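Build the full structure now, drawing on both the sequences and the hints.
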Amino acid sequence: MRVVRRAAGWSGALAAVLVAVVVVSAGIGPVRIPPAEVVKVVLNALVVPAGIETGSRGAGTLTLPTLEVVYTSPFAFPVADVHHRIVMYVRLPRILLAATVGFALAAAGTVMQGFFRNPMADPSIIGVSSGAAVGAVGFIVLPISLSATVALPLVGAVDLGISRGVGVSLFAFIGALAAAFVVYAIATRHGRTPVATLLLAGIAVQTFLGAVISYLQLQAGESLRQIVAWLMGHLSAASWGDVAVTAVLVPPLFLLLLVHARDLNVLLLGEEEAQGLGIEVERTKRILLGASALITAAGVAFAGVIGFVGLIIPHMLRLVVGPDHRVLLPTAALAGGSFLVAADTLARSGSAEVPVGIVTAAVGAPFFIYLLMSREVHEL
Amino acid sequence: MIEVRELTVAFGDEPVFSDVDLTVDRGTFVGLVGPNGAGKTTLLRAIKGTLKPDRGTVRLAGDPLSTLSAKAVGRRVASVPQSTTLSFDFPVRNVVEMGRTPHIGRFGSHDADDVSAVEEAMAATGVARFADRPITEVSGGERGRVLLARAIAQGTPALLLDEPTASLDVNHAVRTLELVRGFVDDGRTAVAAIHDLEMAARYCDVVVLIADGGIQAVGAPHEVFTAESIRASFDAEAFVGTDPTTGSPAVTTYPTSETDPRRVHVVGIGRPTARVVARLVAAGHDLSVGVVPATGAVAGVAADADVPAVTVPPFEDPERSQVAAAADLAADADVVIVVGEPHEHVRPVTETATPTVQVPADVDPTELLETVAAATPDEGESTDHPDGSAEAA
Chain A
1 MRVVRRAAGW
11 SGALAAVLVA
21 VVVVSAGIGP
31 VRIPPAEVVK
41 VVLNALVVPA
51 GIETGSRGAG
61 TLTLPTLEVV
71 YTSPFAFPVA
81 DVHHRIVMYV
91 RLPRILLAAT
101 VGFALAAAGT
111 VMQGFFRNPM
121 ADPSIIGVSS
131 GAAVGAVGFI
141 VLPISLSATV
151 ALPLVGAVDL
161 GISRGVGVSL
171 FAFIGALAAA
181 FVVYAIATRH
191 GRTPVATLLL
201 AGIAVQTFLG
211 AVISYLQLQA
221 GESLRQIVAW
231 LMGHLSAASW
241 GDVAVTAVLV
251 PPLFLLLLVH
261 ARDLNVLLLG
271 EEEAQGLGIE
281 VERTKRILLG
291 ASALITAAGV
301 AFAGVIGFVG
311 LIIPHMLRLV
321 VGPDHRVLLP
331 TAALAGGSFL
341 VAADTLARSG
351 SAEVPVGIVT
361 AAVGAPFFIY
371 LLMSREVHEL
Chain B
1 MIEVRELTVA
11 FGDEPVFSDV
21 DLTVDRGTFV
31 GLVGPNGAGK
41 TTLLRAIKGT
51 LKPDRGTVRL
61 AGDPLSTLSA
71 KAVGRRVASV
81 PQSTTLSFDF
91 PVRNVVEMGR
101 TPHIGRFGSH
111 DADDVSAVEE
121 AMAATGVARF
131 ADRPITEVSG
141 GERGRVLLAR
151 AIAQGTPALL
161 LDEPTASLDV
171 NHAVRTLELV
181 RGFVDDGRTA
191 VAAIHDLEMA
201 ARYCDVVVLI
211 ADGGIQAVGA
221 PHEVFTAESI
231 RASFDAEAFV
241 GTDPTTGSPA
251 VTTYPTSETD
261 PRRVHVVGIG
271 RPTARVVARL
281 VAAGHDLSVG
291 VVPATGAVAG
301 VAADADVPAV
311 TVPPFEDPER
321 SQVAAAADLA
331 ADADVVIVVG
341 EPHEHVRPVT
351 ETATPTVQVP
361 ADVDPTELLE
371 TVAAATPDEG
381 ESTDHPDGSA
391 EAA
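Line by line, the protein sequences are chains A and B. Numbered per the numbering used here, the first sequence finishes at 380, counting up by one with no gaps. Numbered per the numbering used here, the second sequence finishes at 393, counting up by one with no gaps.
Hints are supplied without guarantee of correctness; some may be wrong.
[To be verified] Below, in silico cross-link-like pairs of lysine to any residue (SDA-like), each with a Cα-Cα straight-line distance of 20 Å or less: (1) B:71 to A:282; (2) B:52 to A:282; (3) B:71 to B:55; (4) B:52 to A:283; (5) B:71 to B:111; (6) B:71 to A:270; (7) B:71 to A:79; (8) A:40 to A:66; (9) B:52 to A:191; (10) A:40 to A:21; (11) B:71 to B:114; (12) B:52 to B:66; (13) B:71 to A:283; (14) A:40 to A:2.
Read the hints as simulated data drawn from the structure, not as lab findings. As the structure is a computational prediction, the values presented were derived from the model and not from experiment.
Shown next as structure tokens:
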């Protein structure tokens, strides 16, 4: 019970920090908006179902009764329309995407460090980021068209065209999962996946995919700039659609990881001891690996390769809350969300926007070094 | 409680052991002894199911291991590993709490039973004192006790221990084994791989000697620990006596001397002579002693090793017939070793036709063995004598 209370306390505090960071960030930009105004805009946008209305559709003898849910906005604060537009259409999607991606990467990083019992592990260790990069860069460079017209009976021709931006994300997502699966398949023999083999297979696959990315960059020509921006991590193209997709994917996967937090603690003792303590080791490893790969893929597909969040945030939080994953996993995830929102705010608030991946590394590394030196850390 | 049938484990083409059969009854403390690499740890791993045997079955409380889930196994046997790889700085208390894992459901948390099991285990192992320190900052010996506490907190009817005393000081080694002994006396079962033969002899009900790819002997310590079995399994010479302080078998080992056996008669009294007798018995020589006081050190060693001895009651001078009997034994020997200055009563024993060598009380063991090896064997007679050491029990 002590642990549950600690986890709830820390998570509550860090969730509050995340909300504060989001609100402040939404006010920062070429047009400065006070936090109170941001809160009003967001509250105005809230809708709650108020009731169900019956009606009818059709005419003459063919009248169909219909049921419609009616939403109302409980709040109607007076806000400037331009502020409403800036917050709701420009800043908030980007900020919420940053929060979700940071949350996902930090959660996956925490799990990977525990899983590999290795402080150098991060979400990309099983090839997810490299796979995503190959998918995204491949889509940018190669003449792949996702426009297709399908003739359906009754309805007629339907255009299944997918925009370029969605295509990059889709290919990155598929690439990420394909790479993770290949790494897993290479490392698995007779139903067992030794962690050391997995680590080496991940490094080998990452190296190979790195070569593919370099080659594609050489062939890129005009689109090289776009590739470099993607590889450094970017959130500038965020849309509400991206937010919706990650918001659907990330929370269930995170909950799946969270219910395995105690198993992850026991796995730190070594697989043989974990088995002796009643953990179905191989099955638990598959679940942890699969969920981590998916949650990372969901993050990098929309934001590109953002380094450092998944590596540094878990370490920072381990220094603060200790190594127990029941506390560490939710707190690291929430802190990852706050960190990426803050880093992205910094990235976009300069005179010229810089890729957020540069900011996370440039800000994260010195802060981490400060933490290392200010506390007596012998071993991570 | 634990039944092992025709168990065979090989690493690659190299078999570790084959066709091992072992039954561990409820309420017994079984010690696995044997040379390095004999497969003690491997057998323990096979029993707890972390190693899949190439052939054979293991049953825990009647059920084949292969039909039990990891959780079910975790409720039946707990194991204490030699060391742990934990490098994240969990507080000691959390590590002990991990022992309760098999009792907690996916969404459950520690209840009152779990908490009391953890507290009791920490109190019993003396871990409670540093319960809040990080596991990465406690000493190797303390770490060993934390692992024991974790296994006890697991609350299983059986406990498997891999070298539980290897990293502990003498005090904690004894306390650990006392704790396991108490655990067994409460009706539970323990199987421990133990290097220290005397510790095994002192605390185990049954010892299992594993060597050369199989079980060489199973039984009570005094049945299993013989000079022969130890020489065969460990490739070392040993004298198996009785520890005068605990009464359990005391095994003293020596490096192999590789001398051919000789018939040796030893004359002398007191501990120096007892040491000479023990060393010569361990080297495989066929001994006799006398005349010695019946309650003295030499007579005790001779009795432990079934060495024929001519004895007199304490504080009495030997009778003529007793001296004559000892002289007969001496006449029959290839060499007579006189330790220190012989008493005038036993002078006739040193005056037989047999070559006699006098050695000082603090004789160097190597010199002693060389002296005996230099004696010419008298082939005709030595075979008539019972081989004392062979029958040692």
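How the hints compare with the structure:
As the CA atoms of residue 71 of chain B and residue 282 of chain A are separated by approximately 14 Å, the hinted pair is consistent with the 20 Å bound. With a C-alpha separation of about 14 Å, the suggested pairing of residue 52 of chain B with residue 282 of chain A holds against the 20 Å cut-off. With a CA separation close to 23 Å, the supplied pair residue 71 of chain B and residue 55 of chain B exceeds the 20 Å bound. Restraint check for residue 52 of chain B and residue 283 of chain A: the C-alpha separation of about 17 Å stays at or below 20 Å, so the hint holds.
Using a Cα cut-off of 20 Å, the hinted pair residue 71 of chain B and residue 111 of chain B holds, with the two alpha carbons roughly 18 Å apart. Between residue 71 of chain B and residue 270 of chain A the CA atoms are separated by roughly 16 Å; this keeps the pair inside 20 Å, and the hint holds. With a CA separation close to 59 Å, the supplied pair residue 71 of chain B and residue 79 of chain A exceeds the 20 Å bound. Taking the CA atoms of residue 40 of chain A and residue 66 of chain A, the gap is near 34 Å; set against the 20 Å cutoff, the hint is violated.
Our distance criterion of 20 Å between C-alpha atoms is met by residue 52 of chain B and residue 191 of chain A, whose separation comes to about 13 Å. Between residue 40 of chain A and residue 21 of chain A the CA atoms are separated by roughly 16 Å; this keeps the pair inside 20 Å, and the hint holds. About 16 Å separates the Cα atoms of residue 71 of chain B and residue 114 of chain B, which keeps this hinted pair within 20 Å; it holds. Our distance criterion of 20 Å between C-alpha atoms is met by residue 52 of chain B and residue 66 of chain B, whose separation comes to about 9 Å.
Of the supplied pair hints, the one linking residue 71 of chain B and residue 283 of chain A holds, its CA atoms being roughly 13 Å apart against a limit of 20 Å. For the hint linking residue 40 of chain A to residue 2 of chain A, the alpha-carbon distance of about 37 Å lies beyond 20 Å, and the restraint is violated.
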